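Chains as they are written, first to last, in the numbering used here: chain A, 1 to 600; chain B, 1 to 351; chain C, 1 to 175.
In short, the hints are calculated from the structure, not lab data.
A hint or two may mislead.
To be verified - Straight-line distance between alpha carbons at most 30 angstroms, and here's what the computed BS3-like set of lysine-lysine pairs gives:
1) 586/A x 97/C
2) 173/A x 115/C
3) 158/B x 253/A
Here the structure is a predicted model, which is why all the values come from computation and not from measurement.
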Amino acid sequence: MLDGVSRRPARHCAKYWFYFALSALILSDPMAAQIQNQADDGQWTMAAKNYASTRYSTLNQINTTNIASLKLAWTFSTGLTRGHEAAPLILNNTMYIATPYPNYLYSLDLTKPGAPMKWMYQPHPEPASQGTACCDVVNRGAAYWNGKIIYNTLDVQTVAVDANTGKEVWRTKLGDINLGESITMAPIVAKGVVLVGNSGGEFGVRGWLVGLDAETGKIKWRAYGTGPDKDVLIGSNFKPFYAKDRGTDLGMKTWPGETWKIGGASAWSWISYDPGLDLFYYGTSNPGPWNPEQRPGDNKWGSTLFARRPETGEAIWAYQISAHDLHDYDAVNENILLDLNIGGQLRKTLAHPDRDGYLYLMDRTDGEILSAQTFGYVNTSEGVDLKTGKLKLNPTKQTGYNTVRDACPAPPGAKDWQPSAFSPKTGLIYIPHNNLCYESQAVPANYIAGTPFVGMNTRMYAGPGGNRGVFSAWDPVQAKTVWSINEMFPAWSGALATAGDVVFYGTMDGWFKAVDARNGHPLWQFKVGSGVIGQPVCYKGPDGKEYVAVLAGVGGWSGGVVSGGLNAVDGTAALGFANAMADLGKYTTKGGMLYVFSLP
Amino acid sequence: MKTNTRQIFSTFAGVLGVACLSLLISCAGHQQSAVDPAGPQSGRIDTLWWSFFWLLGAIFVIVMVLTLMTLGRRHRGFEQEPLEATHKPSEETDSRLRRIIAGATVTTVVILFVLIVASVGTGKANSELQNKKNPLTIQVTGNQWWWQLEYMNSDPTKILVTANEMHIPVGRPVQIRGISNDVIHSFWVPNLNGKRDLIPSHVTTQWMEADHPGVFRGQCAEFCGLQHAHMAIWVIAEPEDKFDAWMRAQLQPAAGPSTPELQRGRQVFMNNACVYCHEIQGTTAAGQNGPDLTHFGSRRGIAANTVPNTAGNLAGWILDPQSLKPGNHMATIALNSTDLQPLVEYLESLK
Amino acid sequence: MRTGAMGICVMCLLLLAACQREKRDIRPSPTRLAIYGDAAKEDALRPGGPISPQPVVNNPYNGSAYDISEGQRLFNWYNCSGCHANGGGGIGPPLIKQHWTYGGEPANLFDTIVKGRPNGMPAWGGRIPEYQVWQIIAFIRSMNGEQPRSATASRQDSIETNPQNIVNRVRGKTK
Numbered sequence: 001m002l003d004g005v006s007r008r009p010a011r012h013c014a015k016y017w018f019y020f021a022l023s024a025l026i027l028s029d030p031m032a033a034q035i036q037n038q039a040d041d042g043q044w045t046m047a048a049k050n051y052a053s054t055r056y057s058t059l060n061q062i063n064t065t066n067i068a069s070l071k072l073a074w075t076f077s078t079g080l081t082r083g084h085e086a087a088p089l090i091l092n093n094t095m096y097i098a099t100p101y102p103n104y105l106y107s108l109d110l111t112k113p114g115a116p117m118k119w120m121y122q123p124h125p126e127p128a129s130q131g132t133a134c135c136d137v138v139n140r141g142a143a144y145w146n147g148k149i150i151y152n153t154l155d156v157q158t159v160a161v162d163a164n165t166g167k168e169v170w171r172t173k174l175g176d177i178n179l180g181e182s183i184t185m186a187p188i189v190a191k192g193v194v195l196v197g198n199s200g201g202e203f204g205v206r207g208w209l210v211g212l213d214a215e216t217g218k219i220k221w222r223a224y225g226t227g228p229d230k231d232v233l234i235g236s237n238f239k240p241f242y243a244k245d246r247g248t249d250l251g252m253k254t255w256p257g258e259t260w261k262i263g264g265a266s267a268w269s270w271i272s273y274d275p276g277l278d279l280f281y282y283g284t285s286n287p288g289p290w291n292p293e294q295r296p297g298d299n300k301w302g303s304t305l306f307a308r309r310p311e312t313g314e315a316i317w318a319y320q321i322s323a324h325d326l327h328d329y330d331a332v333n334e335n336i337l338l339d340l341n342i343g344g345q346l347r348k349t350l351a352h353p354d355r356d357g358y359l360y361l362m363d364r365t366d367g368e369i370l371s372a373q374t375f376g377y378v379n380t381s382e383g384v385d386l387k388t389g390k391l392k393l394n395p396t397k398q399t400g401y402n403t404v405r406d407a408c409p410a411p412p413g414a415k416d417w418q419p420s421a422f423s424p425k426t427g428l429i430y431i432p433h434n435n436l437c438y439e440s441q442a443v444p445a446n447y448i449a450g451t452p453f454v455g456m457n458t459r460m461y462a463g464p465g466g467n468r469g470v471f472s473a474w475d476p477v478q479a480k481t482v483w484s485i486n487e488m489f490p491a492w493s494g495a496l497a498t499a500g501d502v503v504f505y506g507t508m509d510g511w512f513k514a515v516d517a518r519n520g521h522p523l524w525q526f527k528v529g530s531g532v533i534g535q536p537v538c539y540k541g542p543d544g545k546e547y548v549a550v551l552a553g554v555g556g557w558s559g560g561v562v563s564g565g566l567n568a569v570d571g572t573a574a575l576g577f578a579n580a581m582a583d584l585g586k587y588t589t590k591g592g593m594l595y596v597f598s599l600p
Numbered sequence: 001m002k003t004n005t006r007q008i009f010s011t012f013a014g015v016l017g018v019a020c021l022s023l024l025i026s027c028a029g030h031q032q033s034a035v036d037p038a039g040p041q042s043g044r045i046d047t048l049w050w051s052f053f054w055l056l057g058a059i060f061v062i063v064m065v066l067t068l069m070t071l072g073r074r075h076r077g078f079e080q081e082p083l084e085a086t087h088k089p090s091e092e093t094d095s096r097l098r099r100i101i102a103g104a105t106v107t108t109v110v111i112l113f114v115l116i117v118a119s120v121g122t123g124k125a126n127s128e129l130q131n132k133k134n135p136l137t138i139q140v141t142g143n144q145w146w147w148q149l150e151y152m153n154s155d156p157t158k159i160l161v162t163a164n165e166m167h168i169p170v171g172r173p174v175q176i177r178g179i180s181n182d183v184i185h186s187f188w189v190p191n192l193n194g195k196r197d198l199i200p201s202h203v204t205t206q207w208m209e210a211d212h213p214g215v216f217r218g219q220c221a222e223f224c225g226l227q228h229a230h231m232a233i234w235v236i237a238e239p240e241d242k243f244d245a246w247m248r249a250q251l252q253p254a255a256g257p258s259t260p261e262l263q264r265g266r267q268v269f270m271n272n273a274c275v276y277c278h279e280i281q282g283t284t285a286a287g288q289n290g291p292d293l294t295h296f297g298s299r300r301g302i303a304a305n306t307v308p309n310t311a312g313n314l315a316g317w318i319l320d321p322q323s324l325k326p327g328n329h330m331a332t333i334a335l336n337s338t339d340l341q342p343l344v345e346y347l348e349s350l351k
Numbered sequence: 001m002r003t004g005a006m007g008i009c010v011m012c013l014l015l016l017a018a019c020q021r022e023k024r025d026i027r028p029s030p031t032r033l034a035i036y037g038d039a040a041k042e043d044a045l046r047p048g049g050p051i052s053p054q055p056v057v058n059n060p061y062n063g064s065a066y067d068i069s070e071g072q073r074l075f076n077w078y079n080c081s082g083c084h085a086n087g088g089g090g091i092g093p094p095l096i097k098q099h100w101t102y103g104g105e106p107a108n109l110f111d112t113i114v115k116g117r118p119n120g121m122p123a124w125g126g127r128i129p130e131y132q133v134w135q136i137i138a139f140i141r142s143m144n145g146e147q148p149r150s151a152t153a154s155r156q157d158s159i160e161t162n163p164q165n166i167v168n169r170v171r172g173k174t175k
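All chains, full assembly: derive it from the sequences and hints.
This is the structure:
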């Protein structure tokens with residue numbers, strides 16, 4: 001037993017709960033109150049499974065001993081060919097699938113054989129919005145709240161659809177594609193407030209996160225990523241842990257002239273919520289443009305982690321991970337909320353595997369860094385100063401008008417949006433990530449509203465070892481990698497951990513894999529029709545059986561070579577990603593399809 | 001023969017006199033002159049130039065006098081036999097000749113050495129900062145064919161971006177960080193310092209300091225394409241308080257249009273290709289290809305000081321930029337007169 | 001004697017070809033340069049049989065090294081490169097390719113740039129003057145070897161992309 005987190009293999013749930021209860025008694029610690037041990041009804045109602053974003057299911061029917069017989073149960077084609085990054089939702093014996101543009105929402109009846117379609121909702125987003133999505137026209141999923149499926153469309157709208165009938169309940173336009181804005185993220189609903197952020201760090205947008213009333217769709221507040229404190233919703237309760245993040249109007253004073261108005265810092269990815277502290281956590285994107293010479297200063301609040309109150313949006317603390325970001329290191333990756341025993345003390349922590357290659361374990365009450373160690377190969381920095389909270393940059397890898405070669409990780413980071421999973425049974429975080437380096441040269445970025453604002457010619461390639469992806473297990477307490485599996489292509493799918501001690505993930509060459517949660521040994525794999533960049537989920541069907549579902553359909557920033565038909569003869573295509581993925585077309589073709597697996 | 005020598009002498013003196021006069025005319029109080037120094041760096045260059053001039057001038061005169069003396073000497077006549085055949089120089093003459101030649105060689109080498117030391121010393125002195133008082137850093141970016149100026153500051157809100165007109169405070173050292181966006185240019189304000197090349201993807205630096213107020217003209221000094229000759233910059237050295245006032249004004253975003261006519265002018269700007277290349281802070285125009293126009297109306301010239309900034313010149317420049325400065329990168333757009341007038345007024349109002 | 005005259009003639013012709021390459025229209029008119037009418041067809045199907053003769057629109061800047069290089073500059077200035085990278089694509093489709101969704105003829109490209117296309121291609125008409133559109137088209141065609149080799153730049157100013165890309169550029173189509 002490690003501090004309330006069972007590290008022993010437990011055969012089935014009862015045993016697990018027994019240990020759980022026992023340790024609770026021994027440590028006289030309210031174990032069940034630990035945030036990672038949330039109740040699980042076998043449904044999947046938000047992309048990250050729960051507010052703590054563990055992507056962990058307590059279902060254990062499929063386990064290490066019987067997984068070899070896992071079989072395909074049924075499939076469903078989305079009819080679309082762009083990147084499928086979403087997590088399907090499962091509730092009330094219905095599955096909901098949000099697709100990439102044109103953002104269909106399918107509802108499938110799980111009570112009937114073959115899960116026939118109940119209804120399909122089409123929001124008809126503006127087709128021109130496809131020209132404002134930096135990295136494929138993806139969508140990362142929906143959220144369920146009070147009889148409604150709520151999700152975002154590419155053309156900057158949030159829609160709520162009646163979960164039973166498929167009728168639109170409300171629709172709110174949040175931004176303007178003519179300013180380069182779009183939305184690809186999966187919203188979450190906390191305390192009846194839908195949290196939605198925009199995308200467009202590559203389009204010179206001014207980033208924001210809005211809180212919408214889940215019942216009416218009315219905008220309650222909007223927190224900008226740049227600008228004066230009143231716009232960023234920074235007030236008297238804002239207490240950053242580190243001195244470097246304190247001061248007034250930093251979102252404006254750390255930018256030259258009016259560049260903050262087109263400075264990015266959008267909130268295009270994951271949000272976690274701690275109901276106990278009543279704080280939600282998210283990170284902002286890179287400051288724009290990529291060319292750092294055009295924005296001297298710290299460029300707050302780009303590449304920053306924020307903790308805010310859901311009802312007012314008020315910022316409680318912030319920590320800027322990359323001040324004056326040089327490599328497109330967005331801070332948007334998932335924040336897994338864990339209560340862990342660190343140095344003999346139970347701490348309310350947040351685990352954030354960042355693009356810059358460090359896994360930041362932070363105190364989520366105040367933003368103090370408890371540890372920050374690399375989980376991938378990094379040479380752009382030489383560590384994080386835990387006293388000042390500053391990243392120690394490597395001066396030889398600073399981008400600009402000079403040419404920089406062999407900087408690692410590349411702009412998609414040691415890890416991009418692809419979310420990790422955490423198993424309370426093993427106490428490990430399962431991280432799908434990248435192993436990419438790059439060379440770059442800045443060029444002046446010109447701002448034309450609604451078009452890209454980047455200013456960097458880049459070319460990426462595989463990092464040391466030659467494998468472009470890694471799937472690894474990370475011990476957040478010891479701050480080190482426990483095991484890892486090399487993958488040919490970036491591991492661009494989400495991870496799923498279950499109480500059966502099985503971890504699922506997919507690869508871009510089309511394999512859906514299951515490995516042993518304790519040691520990473522391969523247990524099972526299935527070749528699906530297209531590369532997997534979706535988020536696998538696990539649910540209990542109406543027949544009481546455990547099902548695992550995943551969307552295949554290659555695409556995204558990494559898969560644009562195939563889904564967008566790019567020409568890798570130009571290595572700078574897809575912001576340089578095409579150079580690293582030139583051979584993807586030999587291994588997979590495009591096409592969105594849902595695969596559902598179960599034991600026979 | 002004597003008359004001949006005198007003729008040569010007088011012609012030579014005449015030429016020298018005219019050259020000196022023209023030199024004096026070209027430098028007397030001019031805004032673009034290396035021999036009218038306005039700061040310690042150009043002062044050193046000026047001293048060096050004049051030491052070269054007088055020293056080399058003296059040598060020139062001596063050599064010329066000696067040459068003329070030789071020409072004027074009574075010669076032997078062609079009918080005589082070659083010198084070597086009849087006359088062997090004595091031991092004494094021979095060694096005297098040798099001493100003279102050796103002496104001349106040594107003198108030449110020493111003089112050249114002194115010049116090299118003086119030249120290198122001046123260059124070295126100019127590349128270092130003596131007056132360490134609160135230096136100002138300006139990044140100068142060469143573009144075909146205009147200058148972008150970025151006043152650097154550790155406080156990003158005090159960073160100023162402007163073009164083609166540089167204001168500097170008197171008595172304060174200025175570091176020029178030079179870089180280029182396209183080809184190699186050379187930044188040269190002769191009244192303040194020598195030339196410094198601006199090279200793509202490579203930063204070069206130069207120090208300069210004005211010791212009295214004045215307006216100085218600079219010019220690109222490295223051939224950079226079709227409009228190399230029309231790539232000028234004004235440097236305005238002014239007292240610290242005046243400079244600070246200028247800086248404060250320039251850091252403000254552009255004033256909003258105060259009349260319907262100006263409003264219309266701004267609309268024309270936003271509706272046309274102007275926004276694709278120019279920035280006006282305080283509006284949504286944030287193009288980066290051309291000069292920042294936030295305070296365009298306060299500048300002295302247009303088209304990198306090709307012509308003075310007047311409404312008439314501006315209207316001509318907008319309507320037909322390729323006639324004033326053929327080959328430049330400003331797009332020729334179709335504007336009708338009802339749009340042109342408000343646009344010109346709006347731009348001129350950006351003080 | 002005859003061969004000599006022939007030689008001189010050939011030399012003169014070659015010289016003229018060189019002039020064509022260096023031809024510069026440095027005072028372009030902001031108004032319409034080419035009448036493209038309904039020349040831009042995006043479909044091969046012609047109900048009622050083909051119409052002859054077909055209208056053809058030629059890019060006035062075909063084969064001009066100056067205009068191709070101006071097109072390359074504008075390709076970056078107007079952020080074409082933001083979506084299409086240096087021809088390989090990204091947010092938008094690649095421009096180095098065999099198949100064009102909306103037709104690859106100069107008239108089609110003109111329509112695409114000026115009017116935009118419904119799936120994300122912005123409409124630039126009304127802001128970018130027509131002569132610059134044609135310059136951009138000249139550059140795009142050069143990426144596909146649709147410009148004479150003599151007029152095409154052998155390298156680009158930014159970070160080199162890929163040797164094959166350079167080969168494509170250099171090869172071009174000989175006139």
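Hint by hint, here is what the structure shows:
no., hint, result
1, 586/A x 97/C, "18 angstroms, holds"
2, 173/A x 115/C, "26 angstroms, holds"
3, 158/B x 253/A, "9 angstroms, holds"
Violated hints: none; the structure is consistent with every hint.
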